[in-house]
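Here is how the chains run, residue by residue.
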Amino acid sequence: MNKIQTIARPAEKKVTGCGECRSTCQSACKTSCTVGNQSCERISRENDPEKNN
Amino acid sequence: MVHVFECRGHYYIFDTGSSALHECDEKAARLLRARMGEDADTSDISAEERKAYEEDFAELEQGGLLFAPETAVRPVKSNEVKALCLHICHDCNLRCRYCFADEGAYHSRREFMSLETAKKAIDFLIANSGNRRVLETDFFGGEPLMNFDVVKQTVYYAKEEASKRGKEFRFTLTTNGLLLKDDVAKFLNEEMDNVVLSLDGRKEVHDVVRKTANGKGSFDLVIENLKNFVSIRGDKSYYVRGTFTAKNLDFSKDVLFLADSGFDSISLEPVVTDIEDLAIGKEHLPAIADEYDRLCDAYLSRMAEGKGFNFFHFNVDLEGGPCLAKRVSACGAGNEYLSVVPNGDIYPCHQFAGDSEFRMGSVYEGTLDAAIREKFRDSCLFTRKKCEGCFAKYICSGGCSANNYHFNGSIDEPYEITCEMMRKRTEDAMHILAERKKREKRG
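Chains as they are written, first to last, in our numbering: chain B, 1 to 53; chain P, 1 to 443.
Rather than coming from a laboratory, the hints here were simulated on the basis of the structure. Among the hints, a few may not be true.
The calculated lysine-lysine pairs, modelled on DSS-like cross-linking and capped at a C-alpha distance of 27 Å, are [said to hold, decoys possible]:
1) K51(P) to K119(P)
2) K227(P) to K253(P)
3) K385(P) to K282(P)
4) K3(B) to K51(P)
5) K307(P) to K236(P)
6) K227(P) to K211(P)
7) K3(B) to K27(P)
8) K216(P) to K164(P)
9) K441(P) to K3(B)
10) K385(P) to K27(P)
11) K236(P) to K247(P)
12) K152(P) to K253(P)
13) K386(P) to K375(P)
14) K3(B) to K438(P)
15) K3(B) to K120(P)
Keep in mind the model is a prediction, meaning the values are calculated, not measured.
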């Protein structure tokens with residue numbers, strides 16, 4: 001591509017719907033829930049088993 | 001669906017279906033807008049240029065990164081409860097004017113949760129958590145530290161019960177910092193996975209709204225406690241969480257003040273109130289959009305100077321983050337996340353506490369109102385029809401059910417003012433992501 005630069009491309013999701021993620025309201029806001037800035041708990045655990053298990 | 005936008009002199013293409021973000025030039029932006037039927041004059045773009053752009057568009061489409069089909073993934077509809085907001089204290093030592101919780105009393109009498117009720121709530125959570133291993137409890141108020149001994153005993157009890165059943169608790173506590181003395185700070189630092197510290201920013205901003213019971217500003221009473229707590233926090237999670245109102249639409253100054261005060265994890269939320277001089281209305285939205293842009297510029301400058309900090313709403317993760325099933329499931333209130341008030345009654349979340357129409361049961365009864373639960377469990381991105389045409393829908397998942405209900409009378413009817421601010425913050429967050437990636441590439 002010459003004219004357009006891809007900044008972010010979605011990673012292939014290995015897991016969907018396991019439900020292990022934090023509930024949204026446990027983050028900072030309590031009024032402006034933003035699901036998209038949370039992390040996938042399962043992938044976090046896989047990446048850092050010592051910290052998350 | 002494709003969203004083409006300009007942010008701080010840069011042009012971006014966000015493909016909602018794939019979550020891919022592309023940067024382009026102004027001509028590409030116009031061509032794509034014209035292709036989508038938007039009003040865009042492309043008469044100055046030569047045939048040769050047009051061909052080059054079209055080749056790029058085609059390559060992206062073939063790669064599934066432009067006009068990608070939207071997800072067929074359905075929401076998570078589990079019957080497991082995974083988190084409780086424990087209203088450990090329906091009282092507060094501050095009288096903040098904008099408090100949704102009626103300055104701590106929740107439109108009822110001021111009362112503390114007993115240890116017996118807190119234990120019942122923990123038992124209820126464990127009993128209803130199914131196969132879920134990690135459970136969450138959020139100590140909330142009013143001001144939970146007014147009932148600190150119950151917080152402490154509940155943590156010990158929850159850990160003991162969890163270990164017997166192969167489960168684990170993660171705790172969060174939200175505090176105004178007034179009672180955050182050394183021994184309390186030490187306990188919270190050891191036991192809480194996340195601590196939310198309420199502070200609105202500059203003293204003159206904070207003190208206008210966050211007052212003590214005798215009407216004095218609380219800034220000087222809390223600032224050192226909060227700084228001391230953060231100094232011992234290490235790399236454990238916390239947020240300094242403020243609120244901005246119509247009185248401080250220059251709120252980027254408050255975020256930067258907080259960063260300059262040594263807090264590196266900051267969230268500043270628009271007020272949710274109908275109090276006339278504080279409420280955010282449509283007329284404030286242009287100024288708020290400009291202010292998010294100013295914050296975005298300052299955020300990038302600080303990052304470049306090695307003085308970066310984390311602003312909650314600028315953390316949009318397009319490449320990782322939660323799975324699509326989570327992104328379409330909304331916040332989980334009323335189903336996997338519930339609130340328990342001091343007498344043990346259960347509500348869908350803290351914002352519905354005390355509203356008898358939404359009372360779901362009691363930890364003493366051990367059951368949940370099936371109709372209310374079903375209503376919340378069924379609510380998801382796909383039941384929020386207004387979200388269909390929104391580029392940010394997989395990022396916000398339809399917003400806060402309580403705000404939707406309180407402003408529009410339905411948990412499925414998004415509150416447009418909140419949506420506008422959300423979309424603007426998301427565009428700035430995408431610009432920040434793009435700038436960060438370019439800097440990383442340059443080394």
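Each hint, compared with the structure:
For the hint linking K51(P) to K119(P), the alpha-carbon distance of about 68 Å lies beyond 27 Å, and the restraint is violated. The suggested pairing of K227(P) with K253(P) holds, with an alpha-carbon distance near 19 Å, which does not exceed 27 Å. Taken as a hint, the K385(P) and K282(P) pair is honoured in the structure, with Cα atoms around 21 Å apart against an allowance of 27 Å. Annotation: proposed proximity of K3(B) to K51(P) holds, straight-line Cα distance about 11 Å (limit 27 Å).
At roughly 19 Å between alpha-carbon atoms, K307(P) and K236(P) fall within 27 Å of each other, so this suggested pair holds. Between K227(P) and K211(P) the alpha-carbon distance is near 19 Å, which keeps this suggested pair within the 27 Å criterion. Restraint check for K3(B) and K27(P): satisfied, since their Cα atoms lie roughly 10 Å apart, inside the 27 Å limit. Annotation: proposed proximity of K216(P) to K164(P) is violated, straight-line Cα distance about 47 Å (limit 27 Å).
Restraint check for K441(P) and K3(B): satisfied, since their Cα atoms lie roughly 18 Å apart, inside the 27 Å limit. For the suggested pair K385(P) and K27(P), the alpha carbons sit about 33 Å apart, so the restraint of at most 27 Å is broken. Proposed proximity of K236(P) and K247(P) is contradicted: the alpha carbons are some 33 Å apart, above 27 Å. For the hint linking K152(P) to K253(P), the alpha-carbon distance of about 36 Å lies beyond 27 Å, and the restraint is violated.
Taking the CA atoms of K386(P) and K375(P), the gap is about 18 Å. The hint holds against a cut of 27 Å. About 16 Å separates the Cα atoms of K3(B) and K438(P), which keeps this hinted pair within 27 Å; it holds. Pair hint K3(B) plus K120(P) does not hold up; C-alpha atoms about 61 Å apart against a cutoff of 27 Å.
Checked against the numbered hints above, the structure breaks hints 1, 8, 10, 11, 12, 15 and satisfies the rest.
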